[in-house]
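Novice: For reference, the chains in residue letters:
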Amino acid sequence: MTNHIITLPLLVNLFISIILMFYWRKVRLQKIVSVAGSVLGLAVAILVFIHVYQNGTQTVASGNWSAPFGIVLVGDMLAATLILLTAISALAVSVFSTVAVINARLRFGYFSVFHFLILGLNGAFLTGDIFNLYVWFEIIIISSFVLISIGGEKNQLEGAVKYFTLNFFASMIFLTALGILYGLAGTLNMADLSAKVSQIDNQVLVEVCAILFLVGFGIKSAVFPLYFWLPASYHTPPAAVSAIFSGLLTKVGVYAMIRVFSVIFEMTPFLQTLLMVIAVLTIFSGGVGSLIQNNIRKVFSYLIICHIGFMIGGLAMFTKVAIAGVAFYLIHDIIIKTNLFLIAGLIFRMKASSSMRKIGGIYSNYPKLSLLISIPLFSLIGIPPLSGFWPKISLIIASFELKHYWFFGALIFGSFITLVIIARLWSRVFWKEQPKMDSNPKFNYFYQLSKFDKMRFVLPIVLLTIVTLYIGFGAEHIQEISTRIAEEIVNKDLYINAVLKSS
Amino acid sequence: MEILLAIMIGFLYAAGIYMIMRRSIVKLILGIVLLGNGVNLLIFLLGRITKGEPPIIPGTESVIEGLYADPIPQALILTAIVISFGLQSFAIILVKRAYKVLGTDDLDQLNTTDENS
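Residue numbers (our numbering), protein chains in the order written: chain A, 882 to 1384; chain B, 410 to 526.
Everything labelled a hint here was simulated from the structure, so no lab data went into it.
These numbers come from a predicted model, not from an experiment.
We treat Cβ as the ideally placed atom computed from N, Cα and C, and that holds for glycine.
Just to be clear, a hint being listed does not mean it is correct.
As the list claims (entries may be wrong) - These stretches of chain B come out as covered by chain A in the derived footprint (C-beta under 8 Å, 3 or more residues):
| hint | stretch |
| --- | --- |
| 1 | 424-437 |
| 2 | 440-452 |
| 3 | 481-490 |
| 4 | 497-507 |
What the hints assert, rightly or not - With a straight-line Cα cutoff of 27 Å, these simulated BS3-like cross-link-like pairs (lysine-lysine) come out:
| hint | chain 1 | residue 1 | chain 2 | residue 2 |
| --- | --- | --- | --- | --- |
| 5 | A | Lys1035 | A | Lys1323 |
| 6 | B | Lys505 | B | Lys436 |
| 7 | A | Lys907 | A | Lys1332 |
| 8 | A | Lys1373 | A | Lys1077 |
| 9 | A | Lys1323 | A | Lys907 |
| 10 | B | Lys509 | A | Lys1323 |
| 11 | A | Lys1313 | A | Lys1239 |
| 12 | A | Lys1335 | A | Lys907 |
| 13 | B | Lys509 | A | Lys1035 |
| 14 | A | Lys1249 | A | Lys1317 |
| 15 | B | Lys505 | A | Lys1035 |
| 16 | B | Lys436 | A | Lys1035 |
Stated by the list, open to error - So, partial list: chain B residues that the calculated Cβ filter (under 10 Å) puts toward chain A:
| hint | residue |
| --- | --- |
| 17 | Gly456 |
| 18 | Arg457 |
| 19 | Ser493 |
| 20 | Leu516 |
| 21 | Asn520 |
With these hints in hand, go ahead and build the complete structure from the sequences.
Specialist: As structure tokens, this is what we get:
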């Protein structure tokens, strides 16, 4: 079915960022335009989601070049859901940025680049062409390079050099894999590739190509041996930037893996075993890594890695139940990880430090806010009936059906270690008494802010917490969506028919 | 020709990765440039090299008969060149800023963000 409605999320963000470029120095106007644009983006994303939900997979052939020849945009359930989640996170971060990012940074086109990043994310979710996916990835990483280095503080530049090098390297590996795949199959359309790849005689080379894709996406999504750039860079930029990075950038790597390994390549037993080993090690190393950290944002950075492992493991099992678990976890994780880094930003604004040694007593200073913050933290652990609990059921059921007891163990270990970390964080940051610390006269503390500023700090966290609560208490609906996504992923013919038959 | 190009691409990859792993921040940029060029040549080679057979359909026919040079890899390379050019210029500015602010060109000294504070 052809419908141009799915291009709207791209157009809205593109035009917002172009408009913002005209008001390069007018920070106040930029803030208004960005927030208004994000609201519009959310409205459009809801529209797209409802449309895809009711009418099934939508495709648009760009330039009217029919499917295997031109670039197609494909809006299936997975893409539509991720676009909706992106729009929600973008709105929250946009509001948060208006107060948490200093004007010196905003004057260098922060908001414009921010909307380009959202544009790139939406494009990556929508495209049905593997080279086009590479181009969207480049738009994402170039925007993220600018966002991570904007401001040019010492730490930030150091993080930016590491982030840049590793992500550039990942892109080059992705491009290498793409070149080899084109040389083997002679097409770039993902649906078309699916049929052609299985007919290639030299299946060994196909497997090598799959591994190259795995390494490229693995660096981007920070899986076990390739994650070292993440904890070295994610805590350096402003909290708003790391929020959008942690919520969406690593997940786009996971998304690309799901797409490539479900549509283009067959899940061979070798690939499944490899993914499973990676998943278990990722959960283990992320969990243990976060135990020894003292900086709140670094603790959260390692937790990102730990929870990426859950999704990779689900992908490795590749049954309907497992993929439904992955989809549910993806939905839960995008919202919760964005929220965590916003909370880290709020804590920094309250105490002028992110080190758990130096801060404390937030519960006695801000009891209501602490209560609010406790909801996403407990959802992260997965205390029933909050949102982190439900996807783990699907994953555990799948791992028992397939007798992947190692993954089952890792899942329990990962959840348990998250509990330990969050409990430790809670007792050290919220319950412990404030250690003696000289207040910094130059720092603008949270209690000194005007009421309007405080509201802009807290509102995004409230918004994301409400979404998290909905995911937890409305799990029935989310499970229904996840099952639909899983059905479309596991039966790849649905995707292929939608792309190739439509035009 | 294919063998020659293949050796050349292998050399570019090896040199690029070696340069990225060196300690000097300037060699990092050189590595990025070499690796980028190696990838572009790889796509060119894997699109099959065909000499003197332009993909033009004669006016009397509706499809091309026989061998022809595939134009798609060239379009892909063109895109990839533009992207890697942008990335490289960003890298040069970033590295220059980093050198100014951090006061070192030794990548081994860039380890403060990994420290536990």
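Novice: Are Lys1373(A) and Lys1077(A) close enough, with their CA atoms no more than 27 Å apart?
Specialist: holds (14 Å)
Novice: Is the hinted pair Lys1249(A) and Lys1317(A) satisfied, with a Cα-Cα distance of at most 27 Å?
Specialist: holds (23 Å)
Novice: For the pair we were handed, Lys505(B) and Lys1035(A), check the Cα-Cα distance against 27 Å.
Specialist: Between Lys505(B) and Lys1035(A) the Cα gap is close to 13 Å, so the pair holds against 27 Å.
Novice: Can you verify the interface hint for Asn520(B): is its Cβ closer than 10 Å to any Cβ in chain A?
Specialist: holds (8 Å)
Novice: Does Lys1323(A) sit within 27 Å of Lys1035(A), going by the straight-line distance between their CA atoms?
Specialist: holds (19 Å)
Novice: Examine the stretch 481-490 of chain B: at least three residues should have C-beta closer than 8 Å to a C-beta of chain A.
Specialist: Our answer is that it holds, as 5 residues pass the Cβ test (under 8 Å) against chain A, meeting three.
Novice: Taking 27 Å as the top limit, are the C-alpha atoms of Lys509(B) and Lys1035(A) close enough?
Specialist: Given that 27 Å is the threshold and the Cα spacing comes to 10 Å, the pair holds.
Novice: With a cut-off of 27 Å on the C-alpha distance, tell me whether Lys505(B) and Lys436(B) pass.
Specialist: Holds, at roughly 13 Å.
Novice: Given the hinted pair Lys1323(A) and Lys907(A), is their alpha-carbon gap at most 27 Å?
Specialist: holds (25 Å)
Novice: Can you tell me if the stretch 440-452 of chain B counts as covered by chain A, using C-beta to C-beta distances under 8 Å and a minimum of three residues?
Specialist: Holds, because 6 residues of the stretch 440-452 of chain B bring their Cβ atoms closer than 8 Å to Cβ atoms of chain A.
Novice: Checking one constraint from the list: CA of Lys509(B) to CA of Lys1323(A), max 27 Å. Satisfied?
Specialist: Within the cut-off at roughly 26 Å; holds.
Novice: Does the structure keep Lys907(A) and Lys1332(A) at a Cα separation of 27 Å or less?
Specialist: holds (23 Å)
Consistency with the previously given hints is maintained throughout, with no hint failing.
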